[in-house]
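Asks: Going down the list, the protein sequences come from chains A and B. Under our numbering, residues 1 to 405 are what the first sequence spells out, in order. Under our numbering, residues 406 to 559 are what the second sequence spells out, in order.
The hints are simulated quantities; they were obtained by calculation from the structure and are not laboratory data. Heads up, the beta-carbon is just placed ideally off N, CA and C, and yes, glycines get one too. Any given hint might turn out to be false.
Claimed, not checked - Some but not every residue of chain B turned toward chain A, in silico, with C-beta under 8 Å:
1) K409
2) L417
3) Y432
4) G444
5) C469
Unchecked claim - Below, a list of computed lysine-lysine pairs in the DSS-like style, where the Cα atoms sit at most 25 Å apart:
6) K401/A - K528/B
7) K316/A - K401/A
8) K369/A - K437/B
9) K76/A - K369/A
10) K16/A - K484/B
11) K428/B - K484/B
12) K528/B - K16/A
13) K401/A - K520/B
14) K428/B - K401/A
15) K409/B - K401/A
Unchecked claim - A few chain B residues that don't get close to chain A, going by computed Cβ distances all over 12 Å:
16) N434
17) H448
18) E507
19) S525
20) T545
21) D549
22) S551
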Amino acid sequence: MNIGEIKKEFPIFDNKVHNHDLVYLDSANSSQKPRVVVDRIYDFYTKEFSNIGRSVHYLAVAATNLYENTRLSVQKYINAKDKNEIVFTKGATEAINLVASTFGQKYLEEGDEVLITELEHHSNYVPWHFLRQSKKINIVFAEINENGEVTIEEIKKKITNKTKIISITHLSNVTGAILPIKEITEFAHSKGIPVLVDGCQGAPHLELDMQDIGCDFYAISGHKMYGPTGIGVLYAKEKWLNDLPPYQGGGGMIKEVKKNHISYGDLPNKYEAGTMATAQVIAFNESIKFLESIGIKNIQKHEQELLKYTLETLKKNNSVNIIGNPKNRGGVISFTINGIHPHDIATILDEDGVAIRAGHHCCQILHEKLGLNATARASLGVYNTTEDIDQLNNSINNCIKIFNL
Amino acid sequence: MNIKELYQEIILDHGKNPRNQKKIDNYSNDAKGYNPLCGDNVHIYLKLNENKKIEDICFEGSGCAISMASASILTELVKGKEDKQVREIISDFLEMIKEKEELKNSILNEDEKTKLMCLSGVKQYPMRVKCATLSWHTLTSAIDNSSKTVNTEN
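Let's have the full structure, built from the sequences with the hints guiding it.
Replies: And the structure:
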């Protein structure tokens with residue numbers, strides 16, 4: 001696989017940032033978009049636009065087919081059993097909120113426990129907090145170990161007879177730890193507990209097979225997967241989507257509406273109320289085709305090699321402290337430099353065209369545990385090269401020079 | 406704009422070794438400020454006398470070099486001044502950091518103005534302006550003795 005050729009497929013890299021080539025190391029936040037995705041949105045709006053699922057005219061039928069084609073692509077990509085197990089949402093956040101809200105409404109009572117981890121992004125904590133407030137449930141945190149990972153043993157330790165659902169990240173957006181979600185799911189199911197996996201960081205970088213993982217719910221973010229903003233996917237086993245109540249009410253999700261009675265639509269319409277992000281869903285199909293054209297195994301191999309190079313490079317730099325040391329990890333590297341606040345690091349790196357993230361990365365619980373207000377984070381994507389990492393390291397050295405450390 | 410114009414020596418010095426970074430006993434006023442975007446936080450303590458003059462001012466907090474330097478310089482510049490003067494300096498500073506070229510007030514002397522203008526480089530970095538202004542908004546809150554935490558996102 002030729003990264004130079006892949007990089008050329010991303011128009012953003014034709015632009016300069018502060019007169020420098022862009023070194024984009026913020027893909028865990030949001031990935032850049034290949035030309036095919038950008039063009040697909042333009043083409044849809046200029047040649048094929050219509051609302052879907054309602055009208056019978058030519059454009060409406062064609063647009064509906066395109067929209068449903070993405071559903072089929074996603075189903076195939078993650079190996080879901082049925083296309084009806086794919087629900088489009090406005091993002092992974094909405095996907096998790098959907099489950100928390102509907103599962104909570106039907107199955108959670110006062111004193112019940114939801115088991116999450118200290119690694120969770122706010123989007124996999126706050127939706128459960130709403131239930132803590134409205135239904136007086138308890139949220140239990142599985143703790144990280146000294147490597148910044150959560151082990152199956154820790155999960156087992158935190159499960160009680162009050163645990164009603166486990167909601168965990170696939171891949172930490174701070175330490176990069178990949179959780180043993182298959183083993184966790186197997187154990188949880190042996191206790192009759194369903195599992196939701198926040199796959200925001202997993203889906204763009206790891207091979208996904210819902211039949212192998214076995215989880216009940218898997219949340220995907222479109223924009224982290226080289227796709228447009230404004231869309232995400234909730235994978236849910238069909239039994240859950242049939243069993244749980246609808247999430248939002250409106251057009252498209254109903255079957256029959258009377259003054260004294262409403263019946264809800266069949267799957268997947270039941271969970272797709274209102275006009276969906278049609279153009280984005282259709283363009284998301286191109287993201288999946290793009291990933292498939294390279295092959296997720298090749299992407300994984302490239303990112304693992306680059307991760308190794310990044311860790312080796314940064315470990316040689318005595319001023320850099322890398323946060324966490326998980327055995328099984330993805331291309332997310334959070335770090336600090338003694339004497340320089342992460343926001344100052346990010347501003348100075350930006351001057352060289354190096355885009356990283358600084359802050360708590362929507363993981364305040366984890367940062368509090370680590371005793372840090374903020375960290376700097378470099379995260380890898382399919383387009384990153386060893387030259388990008390060399391530039392990152394040079395710019396870090398420039399920071400150290402500016403701060404006279 | 407060169408990054409070194411933002412991280413001038415005086416900013417780095419105050420950022421690394423902030424002046425008056427401690428808690429004072431017997432303070433009359435205090436206020437907290439928080440910048441959720443960066444995690445910067447400051448807690449300003451004042452000793453106002455009966456003439457509403459700032460007899461002493463200190464702060465506790467943590468954050469980036471810009472926010473700590475700004476808080477440190479602030480404490481040096483407003484100590485010994487009356488609340489009305491301080492409010493004028495605050496609004497002058499905030500206007501300068503947002504749009505105006507120069508500081509207009511006649512309370513600070515030229516050396517003090519030069520020191521304060523070292524923070525003007527932040528204008529070129531819109532995402533960082535809040536780091537520079539956090540302690541100044543918090544100072545207003547402290548003079549008002551408001552119990553509400555200043556939040557740069559509200």
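Asks: Any of the earlier hints contradicted here, and which numbers?
Replies: Hints 3, 9, 10, 14 contradicted; others consistent.
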